[in-house]
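Peer 1: Below are the chains, spelled out letter by letter.
Number of protein chains: 2
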Amino acid sequence: DILARLQASARPLSEQVLQGLRVVVTAGPTREAIDPVRYISNHSSGRMGYAMAAAAQQAGANVVLVSGPTSLPAPAGVQRLDVVSADDMLAAVEQSLAEGCDLFIATAAVADYRVRLKQAHKIKKSNDELALELVANTDILAHVATRQLASYCVGFAAETRRVEHYARDKLERKNLDMIIANDVSDTRIGFNSENNAVSVFWHDGTQTFPSQPKQALASALIELIGQQRRIKIKP
Amino acid sequence: DILARLQASARPLSEQVLQGLRVVVTAGPTREAIDPVRYISNHSSGRMGYAMAAAAQQAGANVVLVSGPTSLPAPAGVQRLDVVSADDMLAAVEQSLAEGCDLFIATAAVADYRVRLKQAHKIKKSNDELALELVANTDILAHVATRQLASYCVGFAAETRRVEHYARDKLERKNLDMIIANDVSDTRIGFNSENNAVSVFWHDGTQTFPSQPKQALASALIELIGQQRRIKIKP
Chain L
284 DILARLQASA RPLSEQVLQG LRVVVTAGPT REAIDPVRYI SNHSSGRMGY
334 AMAAAAQQAG ANVVLVSGPT SLPAPAGVQR LDVVSADDML AAVEQSLAEG
384 CDLFIATAAV ADYRVRLKQA HKIKKSNDEL ALELVANTDI LAHVATRQLA
434 SYCVGFAAET RRVEHYARDK LERKNLDMII ANDVSDTRIG FNSENNAVSV
484 FWHDGTQTFP SQPKQALASA LIELIGQQRR IKIKP
Chain U
284 DILARLQASA RPLSEQVLQG LRVVVTAGPT REAIDPVRYI SNHSSGRMGY
334 AMAAAAQQAG ANVVLVSGPT SLPAPAGVQR LDVVSADDML AAVEQSLAEG
384 CDLFIATAAV ADYRVRLKQA HKIKKSNDEL ALELVANTDI LAHVATRQLA
434 SYCVGFAAET RRVEHYARDK LERKNLDMII ANDVSDTRIG FNSENNAVSV
484 FWHDGTQTFP SQPKQALASA LIELIGQQRR IKIKP
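Protein chains in written order, with this note's numbering: chain L, 284 to 518; chain U, 284 to 518.
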């Protein structure tokens with residue numbers, strides 16, 4: 284990690300992979316309110332997204348980090364926008380992209396569903412059973428990629444099985460430039476872990492990164508993203 | 284707070300309100316898994332419960348703290364049992380009470396419902412709508428109070444309206460000795476706040492505590508609990 288940072292900082296500014304680019308990163312979970320007390324969320328700690336934001340900033344980018352609820356401090360030099368729900372995150376992302384975006388990196392574990400009718404008051408436990416009606420949230424990454432709101436779109440896929448199958452499917456279906464997949468069924472890596480190992484897929488390539496600290500992995504991923512982005516968007 | 288602690292520590296051991304008593308405190312939220320990635324939880328930070336555990340320990344008790352997921356350190360001298368779901372918490376409470384309990388303080392925001400069918404793999408977003416079937420969890424506090432597994436039972440009630448009505452109803456219905464109620468619709472106090480203000484109800488009395496730091500409030504509440512417990516259980 285330290286070596287990578289030294290190498291990056293030793294490099295002339297003009298050779299930094301994201302020099303001067305405007306990058307928007309989403310991170311963390313979202314929370315979907317059931318009532319004023321209860322919510323639906325997920326196990327994302329936000330660590331991988333914060334590491335990507337920090338690595339992008341170190342690679343010369345101007346970074347906006349749109350973050351769901353986490354206990355992490357904002358990386359130095361990164362502008363953070365705090366959000367709670369998937370709807371909040373969509374609004375903050377649209378606002379950030381309105382000023383132009385060279386690279387969109389969606390690491391957030393956005394809730395796929397929200398509760399149809401959010402209750403204004405705490406639901407009383409009056410029945411032995413309760414059916415919670417959920418409706419699909421807007422897929423923020425697909426929304427951005429389909430409308431080409433950013434010139435390069437990178438997604439993350441947290442899967443518990445058939446990782447490559449689902450990742451490649453997401454890459455095509457959401458019209459992404461790259462997808463970074465990890466197997467969250469392995470508790471040694473992924474959610475709430477210090478380390479992560481991923482497989483990266485793009486249209487004509489793939490690369491695997493072995494388990495390593497998230498910040499070191501993020502630096503290596505930003506390097507790869509920068510390279511592939513240059514290939515797509517020839518100056 | 285400091286004054287209260289000095290007064291407490293200046294008091295001879297034999298006069299500490301919970302001297303030598305075995306106290307079990309529950310704290311924090313619980314998390315009910317939907318699948319390996321998603322869960323239902325609530326906004327409890329665990330702060331009030333941890334403050335109650337610390338105050339009970341300072342009042343001379345041997346304290347077991349059964350805690351859902353929080354980011355708080357265990358108070359000094361308190362034995363903590365970590366749990367995730369309401370079912371886990373029930374099991375840990377029953378185990379703790381099996382050795383006898385002089386005072387049970389239920390501050391945890393236990394999930395009223397769990398998901399009927401927990402999925403072994405991440406649910407794919409394949410529909411615009413999803414009905415999540417929930418079933419009621421065992422009410423841990425009512426379970427303990429009804430079976431008289433502790434000689435004095437104190438509950439907490441987080442309400443967003445008709446606070447006294449719901450609190451008094453809970454006191455009677457769950458067969459409690461005392462209930463401590465706060466209005467979580469006031470964001471200046473309660474969940475995730477440093478301060479709290481509560482109204483306390485028991486069968487033939489009530490007392491209101493104005494907004495103050497949670498640790499100071501906890502010390503005052505432990506004093507009241509100790510007094511009322513002595514009145515109930517004459518030596």
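I should point out that these hints are in silico values taken from the structure, not numbers from a laboratory. Treat the numbers as computed from the prediction; the structure is a model and nothing was measured. Even for Gly, the Cβ is constructed at its ideal location relative to N, Cα and C. Certain hints may be false.
What the hints assert, rightly or not - Calculated cross-link-like contacts (lysine-lysine; reagent style PhoX-like; alpha-carbon spacing at most 25 Å): (1) L:LYS457 - U:LYS457; (2) L:LYS405 - U:LYS457; (3) U:LYS453 - L:LYS407; (4) U:LYS408 - L:LYS453; (5) L:LYS457 - U:LYS407; (6) U:LYS457 - L:LYS408.
What the hints assert, rightly or not - Derived list of chain U stretches under chain L, where covered just means 3 residues or more per stretch with a C-beta under 8 Å from a C-beta of chain L: (7) 336-350; (8) 408-418; (9) 483-492.
Peer 1: Has the region 336-350 of chain U got at least three residues whose CB is nearer than 8 Å to a CB belonging to chain L?
Peer 2: Our answer is that it is violated, as 0 residues pass the Cβ test (under 8 Å) against chain L, missing three.
Peer 1: Does LYS457 of chain U sit within 25 Å of LYS405 of chain L, going by the straight-line distance between their CA atoms?
Peer 2: Distance of about 19 Å is within 25 Å: holds.
Peer 1: Assess, step by step, whether the Cα of LYS457 of chain L is no farther than 25 Å from the Cα of LYS407 of chain U, and give holds or violated.
Peer 2: Given pair LYS457 of chain L, LYS407 of chain U holds - Cα atoms ~15 Å apart, limit 25 Å.
Peer 1: For the region 483-492 of chain U, do three or more residues have a beta carbon lying closer than 8 Å to a beta carbon of chain L?
Peer 2: With 0 residues close enough to chain L, the hint is violated.
Peer 1: Between LYS457 of chain U and LYS408 of chain L, does the CA-CA distance stay at or below 25 Å?
Peer 2: Holds - the C-alpha atoms of LYS408 of chain L and LYS457 of chain U are around 13 Å apart, at most 25 Å.
Peer 1: Does LYS453 of chain L sit within 25 Å of LYS408 of chain U, going by the straight-line distance between their CA atoms?
Peer 2: At roughly 12 Å apart (the allowed maximum being 25 Å), LYS453 of chain L and LYS408 of chain U satisfy the hint.
Peer 1: Please verify whether LYS453 of chain U and LYS407 of chain L have alpha carbons no more than 25 Å apart.
Peer 2: 12 Å, holds
Peer 1: Taking 8 Å as the C-beta cutoff, is the stated coverage of the region 408-418 of chain U by chain L satisfied by three or more residues?
Peer 2: holds (count 10)
Peer 1: Please verify whether LYS457 of chain L and LYS457 of chain U have alpha carbons no more than 25 Å apart.
Peer 2: 52 Å, violated
When each numbered hint is compared with the structure, violations occur for hints 1, 7 and 9.
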